Structures are given as C-alpha cells and as structure tokens.
Amino acid sequence: MDSKKRKNFAIASLCMALATALAFLFFHFVPNNGSNIALIYILALIIIVRFTDGYLPGVLSSVIAVICVNFLFTYPYFALNFTLTGYPITFIEMLAVTLFTSTMTTHMKEQAKLIAERDKLLSEAEKEKMRANLLRAVSHDLRTPLTGIIGASSSYLENSASLPEEEKSNIVMHIQEDANWLLNMVENLLSVTRIYSQSSKIKKTDESVEEVVSAAMNRLKKRIPNAAIKVTVPDELLIIPMDAVLIEQVLFNLLENAIIHSKSSEAILCYVLDDNKTVTFNVKDFGIGIDPGRLPMIFDGAPYIGSAESDSNKGMGIGLSICKTIILAHDGTIDACNHENGAVFYFSLPKEAAL
Amino acid sequence: MNPKNQLLLIEDERNICNFIMTILKSNDYKMTYALNAETGLSLAASQCPDLILLDLGLPDLDGIEVIRKIRSWSNVPIIVISARTQEKEKVEALDAGADDYITKPFGSSEFVARIRSALRRAASGSNSSSRTQQKYIAGDLVIDYEKHIITIHHEIVHFTQIEYKILTYLSQNAGRVITYDSLISHVWGPFADSNNRILRVNMANIRRKLENNPADPQYIFTEIGIGYRMVDNENT
Numbered sequence: 001m002d003s004k005k006r007k008n009f010a011i012a013s014l015c016m017a018l019a020t021a022l023a024f025l026f027f028h029f030v031p032n033n034g035s036n037i038a039l040i041y042i043l044a045l046i047i048i049v050r051f052t053d054g055y056l057p058g059v060l061s062s063v064i065a066v067i068c069v070n071f072l073f074t075y076p077y078f079a080l081n082f083t084l085t086g087y088p089i090t091f092i093e094m095l096a097v098t099l100f101t102s103t104m105t106t107h108m109k110e111q112a113k114l115i116a117e118r119d120k121l122l123s124e125a126e127k128e129k130m131r132a133n134l135l136r137a138v139s140h141d142l143r144t145p146l147t148g149i150i151g152a153s154s155s156y157l158e159n160s161a162s163l164p165e166e167e168k169s170n171i172v173m174h175i176q177e178d179a180n181w182l183l184n185m186v187e188n189l190l191s192v193t194r195i196y197s198q199s200s201k202i203k204k205t206d207e208s209v210e211e212v213v214s215a216a217m218n219r220l221k222k223r224i225p226n227a228a229i230k231v232t233v234p235d236e237l238l239i240i241p242m243d244a245v246l247i248e249q250v251l252f253n254l255l256e257n258a259i260i261h262s263k264s265s266e267a268i269l270c271y272v273l274d275d276n277k278t279v280t281f282n283v284k285d286f287g288i289g290i291d292p293g294r295l296p297m298i299f300d301g302a303p304y305i306g307s308a309e310s311d312s313n314k315g316m317g318i319g320l321s322i323c324k325t326i327i328l329a330h331d332g333t334i335d336a337c338n339h340e341n342g343a344v345f346y347f348s349l350p351k352e353a354a355l
Numbered sequence: 356m357n358p359k360n361q362l363l364l365i366e367d368e369r370n371i372c373n374f375i376m377t378i379l380k381s382n383d384y385k386m387t388y389a390l391n392a393e394t395g396l397s398l399a400a401s402q403c404p405d406l407i408l409l410d411l412g413l414p415d416l417d418g419i420e421v422i423r424k425i426r427s428w429s430n431v432p433i434i435v436i437s438a439r440t441q442e443k444e445k446v447e448a449l450d451a452g453a454d455d456y457i458t459k460p461f462g463s464s465e466f467v468a469r470i471r472s473a474l475r476r477a478a479s480g481s482n483s484s485s486r487t488q489q490k491y492i493a494g495d496l497v498i499d500y501e502k503h504i505i506t507i508h509h510e511i512v513h514f515t516q517i518e519y520k521i522l523t524y525l526s527q528n529a530g531r532v533i534t535y536d537s538l539i540s541h542v543w544g545p546f547a548d549s550n551n552r553i554l555r556v557n558m559a560n561i562r563r564k565l566e567n568n569p570a571d572p573q574y575i576f577t578e579i580g581i582g583y584r585m586v587d588n589e590n591t
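Residue numbers (this note's numbering), protein chains in the order written: chain A, 1 to 355; chain B, 356 to 591.
Worth flagging that the hints you see were computed from the coordinates, not collected in a lab. Every value quoted in this text rests on a predicted model; they were computed, and no experiment measured them. All C-beta atoms in this analysis are idealised placements derived from N, C-alpha and C, irrespective of residue type, glycine included. Treat the hints loosely; a few may be bogus.
[As the list claims (entries may be wrong)] Derived BS3-like pairs (lysine-lysine); straight-line CA-CA distance at most 25 Å: (1) A:Lys5 x A:Lys113; (2) A:Lys7 x A:Lys203; (3) A:Lys222 x B:Lys380; (4) A:Lys221 x A:Lys284; (5) A:Lys7 x A:Lys113; (6) B:Lys502 x A:Lys222; (7) B:Lys380 x A:Lys203; (8) B:Lys443 x A:Lys204; (9) A:Lys221 x A:Lys324; (10) A:Lys222 x B:Lys443; (11) A:Lys221 x B:Lys459; (12) A:Lys129 x A:Lys7; (13) B:Lys564 x A:Lys221; (14) A:Lys230 x B:Lys459; (15) A:Lys324 x A:Lys277; (16) A:Lys324 x A:Lys120; (17) B:Lys443 x A:Lys168; (18) A:Lys230 x A:Lys324; (19) A:Lys127 x A:Lys203; (20) A:Lys204 x A:Lys113; (21) A:Lys204 x A:Lys127.
[Claimed, not checked] Covered by chain A, according to a simulated footprint, are these stretches of chain B (three or more residues, beta-carbon under 8 Å): (22) 373-381; (23) 570-578.
Construct the complete structure from the given sequences, taking the supplied hints into account.
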C-alpha cells in the first residue's frame, strides 16, 4: 500500500513539474497565451488521473495547478490574487475536469479488474470441468478392460482343470489384449502429465521430423507386428521445434487408431508435407471413414454414444483429445476429415517457434 | 552358450521379479536375485555374475548410484529395467555406465534378445584383440573396418569421414543405445558443442545412403530424446 502511495505521489509530482516547465517555456516564448497554459495543466491533470489510483492525487494536483496558474502565470506574477476576474470559474473548471476524469478512469479500472477476474474464474472453471471430464472418461475406459482381465483370469484359475487347451490360450490372449490397451491408455495419460507438469509451456527442442516418424513406426511395429503402413517423408531433412516424445505419441495414436478403427486391411498411408511455414503430418486410411455426425467433436474426448458398436469400449476419445491437447500446446492445428474411401487425420506444426 | 550364463536381477517388486525369473530360467540362464540395492551390490561382488539386470526404482538406493558403484570395480554388462518413461533418467543411466535399458512393460522375446546381445558384446569385448572388429554384417549391409569399405547389396557406398566415424561407432556398439552426447564427443571430440543439429544432419545423410526408406529404417533406429541404436551385428 505504501509503495502505491509513493508511486502515485511520484507520478503526480513528475507530471506537475513537467507541465510547469512547459508552461514556463510557453509563457516566455509566446506571450499573452494564458489559455494554452491552462490547457497544458488540464492535460497534465488528465494524465495524472489516468495513471494513479484513487481520487486524492487528482484532486490535490488540480488544486496545485490552479494555484500555480494564479501564482506564476497571471498578473501579478509570483503573488496569489483571488480577486482576478473569472478566477473562480477557472478554479471550478479545473476541479470539475479532474473529478470527472478521475471518476471515469477509476470506474474503468475497476471494471477491467472485474472482467479479468471473471475471465480467470471462468477459465479456472473450464479447466476444472475439463479435468473432471477427463477423469470420468478415464475411469470409465479403464474399468472395461480391467473387468475383462479380472473375469478372464478368474475363470482361468477356477476352471483350469476342465477348460480345453485352446480355450485357455484364448483367455490369456484376451488378457494380453486388454492389458496392452490399458498400457496405451496409461502412456497417453503420462504424456498429459508431461504437458501440465512443465508449468505453462512445453519444452521444445529442434528435432528431425523423419526420426520422430521412424520412432513412432518402430513402436507401432512392436505393438502391432503385422500392421501395414506405407510411410514417406520429404527428401529434404526437416528440423522443427517440438517435444519429440509428445509428437511421437500423437503419431502413434493416429496410426494405431487408423489400424484399429478403419476396419480395412489396406495399407495405411503416413506422409509428411512441407508447407511454407508449417509441416503437416498425415495419416490416411482406406476404411469405413468417420461417422459425419461425430466429426465435429471427435477431438473433444466425449464418450461416443452413437450406434453402439462392439468396440465402443475401446473408445478412441481420450487418445484423440490428448492428441489435440499436445498439438495445441505446440501452437499447431489438428483435424480430421473423410475422403472418398476412408478417413484422414492430419496435424501441422509451425516451423519456427512462435515469438 | 557353453556353461550357463549367470544373471543377477535386482528388482524390488516381487511380481515382476517372479515373472522375469520364470522367463529367464526357461531360457536356460542361471538366476539369482536381490530385492534391494544393498543385497544386490553384495551379490554382484560375491557371485561375479555375467550380467546384471537392474531396476532403477529401488527402495534403499537410487539406481544410478548402484550403477556407479558397480562400475567402480567391474565392467559387467548392466541392463537397466525402468518403469520411468522420462528420457532423462535413461540417458543418466546410460551415461553412468549402463549398457542398455529396457522399459517396463516389455515382451519376453525382446527382453531375451537384449540380454543375448549384451552378453555377446561382452564376450567379444573380452577376447578383443583376436576377433573383434573385422566386419559388421546386418542384412545387406557390410562394414569392413580393415579396408574402410561399406557395401550395401555388394555395392560400395561412399561416406564422408564424419559419417564413417559415426557408423563405425554405432556398429561397434550394435544393439545398444548410444546417447547423443556420447556420439558427439566420440566423433567431434569432448569439447564439441553439444548442439546436436549437426549430428541430426549427418544422421539424415547416412540414412539416405543406407536405408531404403528413411522414415522406416532397417539399420539405425532412433530412440527419441536418447540416442541411436544400430541393429545387431550378425557376424559373431
């Protein structure tokens, strides 16, 4: 509080001193120019009011200004004379201007503060909502494979004597499938914590695009060994700023989605295009495409409630919403659309870090 | 493998410990295990295992510290088993002297392959002068260290001095991850700028000469944020 007062005082005295100096210059070089001098003081008063808090600095300054005009620039010089014609009017004018502007600016400042506070509250609420949504979706998505694992393993243990060999390996295969799916989910969630843990911005380093693509391919081949993917990168080496681990995660998610959800055995195309200011990564499949009603909110992470298909439990909702979070954190864009015979997901990253 | 190789597993979670022991015993390795760093270190000293599998998240001592302690008296290959996905810890472990790492969870075939590759490297390193470093062979790629010639599909491919240096370093350590920093200091010297852009450019050139498709390599793999791994040498 004390420092604020000091700041107010400093601004006010600086402005008044400047105004007085200016007025002196005017007074010496342009004679008989009393109205300009008053205007200079009024300007100074408005500036003081704009940059100080509360009414006091403005009102005090206006009193000082009136006295200055009277004392320094009206006849008799260097003497106070309150009987001058029109003097009370000048005094009242100046005071009125100051009071009026200071009321206005104080009001404005208060409103700006209120708006900022409301925005902050809103974005906080938004974040809280997002978090809650994510948590709900995650718990829902986690429960399904866990139920499968627990059910399958207990039926194996309880009936192992009576089950045929083939059935047994079938059960274990299902357990493995569900566990792998869980692992994917956890890796996605970990990448989100990676974004949020690093305070505001992600840590970008210059990375070679083809290395990120090949790392994603490599991981995918380990997870899905018979996946058919044709991948191409530009002949020229592209190095752009990014968090490579996160971008690899995005590519991995998109490729895996394409394999699982396109329901087609035709090879998936993964290609990188070098635009002028951005680099675009594309994942194109030749499958059933995306339900048009779902397209607009496909990245929103909302659980899909459309036609209840068999794979609804393996929702790609969270994976895609995490992709979006990652790309937005890179100041990039991500989108999806249908083409003649399938779907294409694509995201662009800026070549230069935003200033 | 003539006499059974003896492996030491240092891992604090019993479930994972059991599962690893089962895999490795069925692959004909002689196993001992420790559930904490202290017993692990004393077993490492008393039993002289052929390879140590080390979990980084031990209750009594940081895994990196365990690596340093073992390295102070022994060159036994260490494979780090890490649940942490953070690249920094992996780089730290490798720089502290670990030979390789494998991230939990892993498939048993990949795991056993890594162990075999580490044991093979250790074996060829120990009787070095006689049989090391004649040739590296992987698929259609042959690197002849004596003649300084690299061929793909029996055709000679020309590499620059720097590219050749990178390739020999990676291939002589085939199967294990070489961190960016160690690669840079090996090729450009210890005082080189650790900005790895120049490394990236050289790697891109190598890839274009070596691989059919640079985005889907067969010989040199990128471990994001950590380094490069060259495919195992078949010439052993």
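- Task: Confirm or reject the coverage of the region 570-578 of chain B by chain A under the rule of 3 or more residues with a beta carbon closer than 8 Å to the chain's beta carbons.
- Result: holds (count 6)
- Query: Are Lys127 (chain A) and Lys203 (chain A) close enough, with their CA atoms no more than 25 Å apart?
  - Reply: The given pair, whose Cα atoms are some 21 Å apart, holds under the 25 Å limit.
- Query: Within a Cα-Cα threshold of 25 Å, do Lys221 (chain A) and Lys324 (chain A) meet the stated pairing?
  - Reply: holds, 24 Å
- Task: Tell me if chain A covers the region 373-381 of chain B under the three-residue, 8 Å CB rule, please?
- Result: As far as the region 373-381 of chain B goes, the hint is violated, because 0 residues have Cβ atoms under 8 Å from chain A.
- Message: Hint check: Lys5 (chain A) vs Lys113 (chain A), CA-CA at most 25 Å. Holds or violated?
- Response: It holds: about 19 Å lies between the C-alpha atoms, which stays within 25 Å.
- Item | Given hint Lys203 (chain A) paired with Lys7 (chain A) - CA-CA distance at most 25 Å | violated, 38 Å
- Has the given pair, Lys502 (chain B) with Lys222 (chain A), been kept, meaning a C-alpha gap of at most 25 Å? violated, 36 Å
- Message: Lys204 (chain A) and Lys113 (chain A) were given as a pair; does the straight-line alpha-carbon distance stay at or below 25 Å?
- Response: Status violated; Cα separation ~34 Å.
- Taken at face value, is the distance from the CA of Lys168 (chain A) to the CA of Lys443 (chain B) at most 25 Å? With a Cα-Cα distance of about 41 Å, the restraint between Lys443 (chain B) and Lys168 (chain A) is violated, given a limit of 25 Å.
- Query: Has the given pair, Lys221 (chain A) with Lys459 (chain B), been kept, meaning a C-alpha gap of at most 25 Å?
  - Reply: holds, 17 Å
- Message: Next pair to validate is Lys230 (chain A) with Lys459 (chain B); report whether the Cα-Cα distance is within 25 Å.
- Response: violated, 29 Å
- Item | Proposed proximity, Lys7 (chain A) with Lys129 (chain A) (alpha carbon, max 25 Å) | violated, 41 Å
When the structure is compared with the earlier hints, violations turn up for hints 2, 6, 7, 12, 14, 17, 20 and 22 and for no others.
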